[in-house]
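On the provided structure of chain S, position chain Y as indicated by the hints.
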Amino acid sequence: MPQSTARTAEIVIRNDMAELANLRDSLERIGAELGVPGKPLMQLQVALDEIASNAIKYGWPDGGNHKLFVRITGQQDRIEVEIVDDGREFDPRDAPPPEPQPAGRRRPGGLDIHMVKELVDRLEYERVGGRNRTVVTKRYARRRASERRTLI
Amino acid sequence: MSNSALSIEQFHSGVVRIVALKGRVDSTSANDVMACLSNLISGGEKAILVDLGGLLYLTSAAFRVLLVATDEAERGAARLALCNVIGHVRELFEMGGLLDAFTIHGSREEAVDRLS
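So the protein sequences, as listed, match chains S and Y. FYI, my numbering numbers position 63 of the first sequence as 234, with every residue one higher than the one before it. FYI, my numbering numbers position 90 of the second sequence as 80, with every residue one higher than the one before it.
What the hints contain is simulated information worked out from the structure, not anything from laboratory work. The structure presented is a predicted model; accordingly, all values stated were derived computationally and were not measured. Check each hint, because a few of them may be wrong.
[As the list claims (entries may be wrong)] Restricting the straight-line Cα-Cα distance to at most 27 Å, the calculated cross-link-like pairs of lysine-lysine (BS3-like) are:
id	chain 1	residue 1	chain 2	residue 2
1	S	228	S	288
2	S	288	S	238
3	Y	12	Y	36
4	S	210	Y	36
5	S	228	Y	12
6	S	210	S	288
7	Y	12	S	288
8	S	238	S	228
For reference, chain S alone in the conformation it holds in the complex:
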């Protein structure tokens, strides 16, 4: 059954950049277990870093200790990452693109969310119960067709 190939990890991190290593490592482990090729896995790792670091940087202007709840669900053809935080409302779908600048004068404002939109297949957002719920989905083709048949 396809469900037998699913992998899930739930990770709770503090609003501290150093904690993002936990997310990266969990995603890496799930990707390896599912046989996700390097490129889509790398692209999802970049996207997850952008979303979570954006929340940590801008979500709580008054600081304090907060948590991000992350659920990584890996299927045979896609990985979905859900990030929930109680920071201020931020819909990444509305984020403006980076402002074009003359060559050599490029500033990185807005680059993080722009990268997310480029890197994932689907970006969903909702504000529920005072929390941001952001979900990104990355599709991939498994490394070996023979392995797919075996696991299904």
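Showing chain Y alone in chain S's frame:
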């Protein structure tokens, strides 16, 4: 925690200081790159080459650091260039529209020639 994610090696080739990045530069490790490059610039290095050939990926935090370091180098009358911007890493630069924002050379040897 993130100590296995990025390694920064430094070499001299003539007057050029080479900073070779291996692994990933993300939100947890970008500050290490910034500290390294800032030290070199404030220490008076005039030609700095950042070799990205060993990178698996980099995030916008890394782009931000490289842009800031490029500005710092200009203010310090130093030159900062990148080399080996290839494969997945080059695609990320393209996605960010950032290929034009830096001086980018091909191989390390070519870059050292141009910076010497």
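Against the structure, the hints come out as follows:
1. S:228 x S:288: 19 Å, holds
2. S:288 x S:238: Holds: residue 288 of chain S and residue 238 of chain S sit about 24 Å apart, inside 27 Å.
3. Y:12 x Y:36: 23 Å, holds
4. S:210 x Y:36: 35 Å, violated
5. S:228 x Y:12: Holds: residue 228 of chain S and residue 12 of chain Y sit about 26 Å apart, inside 27 Å.
6. S:210 x S:288: With Cα atoms ~16 Å apart, residue 210 of chain S and residue 288 of chain S stay inside 27 Å; holds.
7. Y:12 x S:288: 26 Å, holds
8. S:238 x S:228: Satisfied, since the Cα-Cα distance of roughly 13 Å is no more than 27 Å.
Checked against the numbered hints given earlier, the structure breaks only hint 4 and satisfies all the rest.
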